[in-house]
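Let the sequences and hints guide you as you build the complete structure.
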Amino acid sequence: MANLERQAAQLAASLRRLDFSEEEIARRIQSALDSRARRQKKMVKPHSARRFDGCASISATAGRLGLQRAAMFERLRCEGWVFRAENGWWATDDALSAGWAVMRGSRTIRWPQLTESGVQEIARRMGIVLGAR
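Reminder that position 133 of the sequence shown reads as 133 in our numbering, one-by-one numbering, no gaps.
The set of hints was computed from the structure by calculation and includes no laboratory data.
Computed from a predicted model, the values in this text were never measured in an experiment.
No residue lacks a Cβ here, since even glycine has one placed at the ideal position from N, Cα and C.
Errors might be hidden in some of the hints.
[To be verified] Simulated restraints on C-beta separations: (1) 70 - 124: 16 to 24 angstroms; (2) 35 - 106: 28 to 36 angstroms; (3) 84 - 53: 40 to 48 angstroms; (4) 106 - 29: 37 to 45 angstroms.
Okay, here's the thing in structure tokens:
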């Protein structure tokens, strides 16, 4: 018997001992199931949390394109996609709004990553055909 079924059976047994009607027992079990479903739904990651699916670090992208990490950052800086700030590299508003880059991390520690469309675009600008290697 599954855990959820076992919990429902235990709840029903407890309510029967307290002389609840079968109709009230069914209502309370359904209410408990609905409450649990709502809690589980809240735990599912919203779409906005999945926006980083398919994103890659700039270092990983450099390797994929056959460049060194420093050369990749320099190229992205020259293209106007990233800039160096006091607290590290940041994606520019242009790269973010074009969908080529995202900023990952918490509010205090953040870093840029390239989206798949950003990787494709920078490869196109560099004359590299991905998957041809």
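- prompt: Is the gap between the beta carbons of residue 106 and residue 29 within 37 to 45 angstroms?
  reply: holds, 41 angstroms
- request: Note whether the CB distance of residue 84 and residue 53 lies within 40 to 48 angstroms or breaks it.
  value: violated, 27 angstroms
message: Quick check on a hinted range of 16 to 24 angstroms for residue 70 and residue 124, using CB atoms only.
response: holds, 22 angstroms
query: Within 28 to 36 angstroms or not, the Cβ separation of residue 35 and residue 106?
result: Holds: the Cβ-Cβ distance is about 31 angstroms, inside 28 to 36 angstroms.
In summary, the one numbered hint that this structure violates is 3.
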